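All chains, full assembly: derive it from the sequences and hints.
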Amino acid sequence: MEAEKMDTYRVYLVDDEPWALVYLEKIVKWEDLGFRITGKFENSMEAFNQAVSDPPDVIFIDIRMPEMDGLSFMRKAVEAGLPCRFVVISGFAEFSYAQEAIRMGVVCDYCLKPIARDKLTALLGKLHLILEEQKEKQQEKEEIPLTENPVFQELLTYMHGHFQEKLVLKELAEQFHLNANYCCALFNKDTGGSFSEYLTSIRMKEAERLLTHTTLSLEEIAVQCGIQDYYYFNKVFKKYSGATPSQYRKQRKNPENRAAMEEI
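Counted from 1, the sequence shown has number 137 at position 137 by the UniProt record's numbering; the numbering is strictly sequential.
Note that these hints are calculated values from the structure, not bench results.
All values derive from a computational prediction rather than experimental measurement.
Treat the hints loosely; a few may be bogus.
Taking lysine-lysine pairs in the DSS-like style, the calculated list, with each CA pair at most 25 Å apart, reads [as the list claims (entries may be wrong)]:
| hint | residue 1 | residue 2 |
| --- | --- | --- |
| 1 | LYS170 | LYS113 |
| 2 | LYS239 | LYS250 |
| 3 | LYS113 | LYS135 |
| 4 | LYS239 | LYS137 |
| 5 | LYS238 | LYS119 |
| 6 | LYS29 | LYS253 |
| 7 | LYS235 | LYS253 |
| 8 | LYS166 | LYS137 |
| 9 | LYS29 | LYS76 |
| 10 | LYS40 | LYS119 |
| 11 | LYS26 | LYS126 |
| 12 | LYS126 | LYS113 |
| 13 | LYS40 | LYS126 |
| 14 | LYS205 | LYS189 |
| 15 | LYS126 | LYS205 |
| 16 | LYS205 | LYS137 |
| 17 | LYS205 | LYS76 |
| 18 | LYS76 | LYS113 |
| 19 | LYS40 | LYS113 |
| 20 | LYS29 | LYS189 |
| 21 | LYS119 | LYS29 |
| 22 | LYS76 | LYS135 |
| 23 | LYS238 | LYS126 |
| 24 | LYS253 | LYS205 |
| 25 | LYS235 | LYS205 |
| 26 | LYS137 | LYS26 |
| 27 | LYS113 | LYS137 |
Structural data, given as structure tokens:
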């Protein structure tokens with residue numbers, strides 16, 4: 001079976017100095033690190049207009065540019081609601097720029113150019129993890145079933161935010177002023193399963209995320225997923241994913257072993 005491929009994220013490079021664009025493009029093998037350069041711009045206004053019509057996942061941008069400086073670019077991007085992350089690469093060691101950029105909440109890093117190959121490689125590794133977690137959280141939101149009952153919708157959303165706690169259907173129904181039997185019927189109708197099955201799926205998806213993206217111990221992951229008994233967690237996880245937590249982690253860290261793991 002073919003090994004699982006790394007997700008690829010789209011990148012724009014924006015710098016008014018041509019040499020800087022060439023340097024950034026050539027210093028690392030972007031696609032090997034999970035990124036693809038889909039736009040290179042010396043003109044920041046042109047870059048912004050293109051980002052509005054076709055937003056990339058990440059924009060590497062210089063601070064000082066003649067048409068529109070990097071900080072103004074990021075402010076306009078935030079105002080326009082562009083779903084982009086930024087990496088600021090500047091030739092100026094001015095901490096005030098870094099502070100203002102970071103305060104915007106969309107900047108992943110701030111580096112002086114020319115950035116070294118090993119630093120850029122490490123930065124892209126960190127950035128890929130951030131984007132993966134962001135993608136998984138968005139998918140989780142989209143996975144909350146839509147229901148015609150707005151109160152039940154609130155209950156489902158509450159479960160996604162409190163799955164680490166001890167959740168009991170009867171208590172949740174009372175909290176949201178729903179009849180427990182009616183609540184059971186809504187779970188079957190809108191989620192295709194029972195309350196316990198839905199809660200388990202939330203917890204196991206979080207377990208998969210933690211096994212993939214953290215170095216937490218298996219016992220710590222069980223607790224963070226709302227399950228105090230590790231042996232029970234191990235049993236439930238294997239039933240849900242087809243592999244034990246340790247097998248799943250090994251599989252995700254070494255995608256080439258995936259086919260072998262799926263035979264277990």
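Given hint LYS137 paired with LYS205 - CA-CA distance at most 25 Å: holds, 11 Å
Given pair status - LYS205, LYS126, alpha carbons within 25 Å: It holds: about 21 Å lies between the C-alpha atoms, which stays within 25 Å.
Restraint check for LYS26 with LYS126, where alpha carbons must lie at most 25 Å apart: Holds. LYS26 to LYS126 sits at ~20 Å (cutoff 25 Å).
Given hint LYS253 paired with LYS235 - CA-CA distance at most 25 Å: Roughly 21 Å between the alpha carbons, so the hint for LYS235 and LYS253 holds.
Hint consistency between LYS137 and LYS26 [alpha-carbon to alpha-carbon, up to 25 Å]: violated, 32 Å
Given hint LYS126 paired with LYS238 - CA-CA distance at most 25 Å: violated, 29 Å
Pair hint LYS239 and LYS137, alpha-carbon separation not exceeding 25 Å: Roughly 23 Å between the alpha carbons, so the hint for LYS239 and LYS137 holds.
Distance restraint between LYS253 and LYS205, which requires alpha-carbon spacing of 25 Å or less: holds, 17 Å
Agreement of LYS238 and LYS119 with the hint, judged by alpha carbon distance not exceeding 25 Å: violated, 38 Å
Agreement of LYS29 and LYS189 with the hint, judged by alpha carbon distance not exceeding 25 Å: violated, 49 Å
Satisfaction of hint between LYS253 and LYS29, Cα-Cα up to 25 Å: holds, 21 Å
Hint consistency between LYS170 and LYS113 [alpha-carbon to alpha-carbon, up to 25 Å]: Measuring from Cα to Cα gives roughly 59 Å; hence the hint is violated.
In terms of the numbered hints stated before, the structure departs from hints 1, 3, 5, 9, 17, 20, 23, 26, 27, listed from lowest to highest.
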